[in-house]
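J.: Note that the protein sequences, when read in sequence, are chains E and X.
Heads up: the first sequence begins at 252 in the working numbering, then just goes up one per residue.
Heads up: the second sequence begins at 36 in the working numbering, then just goes up one per residue.
Hints are computed from structural coordinates only; laboratory data are not their basis.
Mixed in with the good hints there might be a few duds.
Claimed, not checked - Only some residues are given here: those of chain E computed to face chain X with a beta carbon under 10 Å: (1) N446; (2) R448; (3) Q607; (4) C608; (5) R612; (6) E613; (7) G614; (8) W617; (9) I621; (10) D636; (11) E640; (12) N644; (13) M645; (14) G647; (15) T649; (16) I650.
Built from N, CA and C at the ideal position, the CB exists for glycine as well.
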Amino acid sequence: MGYPHAPHPRETLVLSKYFGDREAIGLDGWRKRGGYVALEKALAMAPADIVGIVKDSGLRGRGGAGFPTGLKWSFMKPGDGKPHYLCCNADESEPGTFKDREIMRWTPHALIEGCAIGSYAIGAETCYIYIRGEFTEPLERMEAAVREARAAGIIGPNAMGTGKRIDVWVHKGAGAYICGEETAMMNSLEGKRGNPRIKPPFPAVAGVFGQPTTINNVETLAAVPHILNNGADWYKNFSRPDNPKSTGTKLWSVCGNVARPGNYEVVMGFPFKDFLYDLCGGPPPGRKFKAVIPGGSSVPIMNMEEAETALMDYEGMVVKGSMLGSAGCIVIDDAQCMVKQIARLARFYAHESCAQCTQCREGTAWTTKIMERIEAGEGTMADFDTLLEIGENMTGKTICVLSDSCAVPVISGIQKWRDEFEAHITGKRCPFRAAAAA
Amino acid sequence: MADVKTVNLTIEGRPVTAPEGTSLLEAARTVGVLIPHYCYHPGLPVAGVCRMCLVDVEKAPKLAPACATSVAEGQVVHVHSEKAREARKGVLEMLLINHPLDCPICDQAGECELQDYTFQEGRKDSRYQEPKRFNPVEDFGGDIMYVPNRCILCTRCVRFMEDVAGDPVLNVSERGDRAYIGKFEDKDLTHPWAGNVVDLCPVGALLSKDFLNKARAWELDRTASICPNCTQGCNAIIETRDNVVVRMRPRANPDVNEYFLCDTGRLDYRWMNGPSRLEMPQVRQNGQLVDADWDEALGAAAMAIRGKRALVLASPMLSNEALHLLSRLVRATGGTGAFRVTRGPEAPLPGVKDLALRAERAANVVGAEKLGFTKTDTPLAGLAPSDVLVIADHALTDADRAAANRASIVIVVGTTMPAGLSNVGAVLPITNFSEEEGTFTNLRGRVQRFLQAKAAPGMARPSWFVLADLLGSLGEATNYFLPSDVFAALAASHSEFAGMTYDSIGLRGLPVLGAAQPAGAAQ
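Only chain E is shown next, with the shape it has when bound in the complex (with noise of 0.2 Å):
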């Protein structure tokens, strides 16, 4: 569904089927449009064949990295004699990305039931949701959910009256862009800083607590009653034929110079160019789009020739020079000035950098600086020069991605709108702003 508009009749509505439907909130309307019927036929499972079925549909990680869910599953041992974790990460703060708001505010129990499956699947007792501090009424919902889950006997310690205890915990964030970065959460979670560990040991091994841990996606979980519901196949036909990388549905959240901004559920592989003219509506009368940033600010910035010829999965992001990330679709018209867009997100890493490592705390604050010196008509030269290597060494040398995602739009900013960074400097202004004045 195109929520908040109509759904388009080219969407695939799986997770997004019930958003806008009051009734659906509830575990009463719940149950009425097949709500626990997956959960109930799970505990009746197996873990391991649940594992199993994950695995064959190809579902895959929705937070942005898209690690296959049964293989991550998979690394939790059972019998290993410790206590499992299932976290899920609502902790949504990727900039352009509202997709798992939607989910809790809309269908909270499909992610209770995503996550009583997941527990159960890796043999965890005990499942913490992880909510962004701003979310309040994602938050509200989910909790109101969980208290009627927990009455119903959905969950607690006789978990369908199966005798198997699956206990669900919302937690709320403090307001922190890294701790939806998983090993960051897990402080959180324990009270700490949320600060990223190092890896090794991943979050299998030792997680939250020091226990195995496995850290799931909204998205992700939400998908899968769906696919316990109606089997490996159904999903994995959710992709195109020559990429069975990438199946199932996609929640996409549409921002920015665009006709019609929300969410939009498409299948895997589904052609960029008829999404966002068709199904988006085109760019506003009277412009052009200039650039799509597809997954969230942490992806390369696409300029149109990359965007219109893309597909929208895993591997056709990648191939146009970007990546899926966490599908969070931001959308730049002509009448934007790129050194402002870029400059406002390299100012929203150098706020969101937790400090730990010197390149991030350092470079995200550079970054900012030399950009809006740049967009204020104070640059130089030198600085694309500075940039570049102050985002090299951004990359690939710190605990954690913040760094190099901060470098991200930076770098694929320079690459492909090198012209109007020029035009500040040479012109010694904004030529957005000169022309919004004249």
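Dock chain X against the given chain E, drawing on the hints supplied.
T.: Same frame as chain E, now just chain X:
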């Protein structure tokens, strides 16, 4: 240890064999390769945040942090490859963009790792044109001052207070380049071991108020020594400037104090420079003490002692060597030896096994006991009016003074003149421990050497030298030319010390035979 598996790898072209789980940084150190680093410290948990120790591991896609990467079989590691050097250069440039570059007025200059590595392989200029971040200097309480502008946020101080001292008063506050080391409100760095954060700080961000602006690092002379302020015997470095002790710092010894020294040990050094020192030998003439030469004074002392029972009041701050010679004096005269030790509250450092500021505040209590001196609160209880009292640098209480004045005669062998004594026959000025060489025995029976850090005042002579001469004047055989000769005699006559020499003790110390060492100690 036999079941620990080892792996073989190559670091900078040198073959290395290291136990499994060793970090690349430590493995490199064993073959003499220093991997530049800031946040890593062997006495602290690994943080891996400064990113200075990134090394080039063949076949790895990215540079690896040497502090947080374990050795693996067949690894080929390059520390000084183009890629690794460029990465370090990048880190150094980033660390300096907000750094005030105020080395000329910074206490750390000359012993600053930021300065050292920047000179070694940093850029010659900065490309940073923007205004620098500024935060005001903050008083962290205790002896410590924080200069946030110089801070590189390596978090060594935070980790020390949290993981080693067990008193987590420091944190990283704020995020991004606004971050600084914060202190919890209403808490101060008053932990008895907090001063270690100053040594741990690789730059000039945490400073000792005591040492502030006292000396430039390159003006200091450094001497391997032992902290004399309690029975723990922490290995220390005495730093002097122009023959004045200005700073005490820990000297690493994994068997005693790891990398640490408590604030009491660190700050209680002024007495070593004490002004009211005995500088001249003295003898009593016409009821007055007058300056004399050494032969006269030694002769007078020997005359006073000869034929009497000597009660030796020996300071537990004296070296094993001095105490051994005093014990011979006791034996030769059929006398007794005793001492009293000052006590204070014990202050452990929780993160290190068997390390504490000990209650007994003297360096050589165990040595004194092993050499036959009795520890008692009333060391002069057995003093008979016919006895000669030898006060060997021991502090006196009022009761002691009253008792001492009942002795037939008092011989003072000391660094200072005890007040209120009416019957002193001779005064033999000795050097204090920072002015001579010797050994102490710590509470676990570990014999440790200290070296001479500064010159003797006036005519004062090393304690072992004076006491050997005194014994010689009494007709005892004393063929000692060096403190090591005295120690050799001690080792020959005390079975616990058998076989020990200055060479075998070295600078790490050696436990006496049969001493129960703390569990987990490496040797």
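J.: Next step is simple, just say for each hint if it's right about the structure.
T.: Hint by hint, here is what the structure shows:
A cut of 10 Å between beta carbons decides the hint on N446 of chain E: the least distance to chain X is about 8 Å, and the hint holds. Nearest Cβ of chain X to the Cβ of R448 of chain E: about 9 Å, under the 10 Å cut. The hint holds. A cut of 10 Å between beta carbons decides the hint on Q607 of chain E: the least distance to chain X is about 4 Å, and the hint holds. Below 10 Å, beta-carbon pairs count as interface contacts, and C608 of chain E has one with chain X at about 5 Å; its hint therefore holds.
Given hint, R612 of chain E at the interface with chain X, holds; its Cβ is 6 Å from that chain's nearest Cβ, closer than 10 Å. At a threshold of 10 Å, the smallest CB-CB gap from E613 of chain E to chain X is about 4 Å, leaving the interface hint in force. Against a cut-off of 10 Å between C-beta atoms, the interface hint on G614 of chain E holds, since the closest Cβ of chain X lies about 6 Å away. Annotation: interface hint on W617 of chain E holds; nearest CB of chain X at approximately 6 Å, less than 10 Å.
Interface restraint check for I621 of chain E: the shortest CB-CB distance to chain X comes to about 8 Å, inside 10 Å, so the restraint holds. Of the supplied interface hints, the one on D636 of chain E holds, with its beta-carbon coming within about 9 Å of a beta-carbon of chain X, less than 10 Å. Checking E640 of chain E against chain X by beta carbon gives a least distance of about 8 Å; that is within 10 Å, so the hint holds. Interface restraint check: N644 of chain E against chain X, minimum CB-CB distance 3 Å, threshold 10 Å, status holds.
With its C-beta approaching chain X no nearer than about 8 Å, M645 of chain E sits inside the 10 Å limit, and its interface hint holds. For G647 of chain E, the interface hint holds, since its Cβ comes within 10 Å of a Cβ in chain X; the closest pair sits about 5 Å apart. The interface hint given for T649 of chain E holds, since its Cβ lies 6 Å from the closest Cβ of chain X, which is under the 10 Å cut-off. The criterion of a C-beta within 10 Å of any C-beta in chain X is met by I650 of chain E, whose closest approach is roughly 6 Å, and the hint holds.
Every hint from the earlier list agrees with this structure, and none is contradicted.
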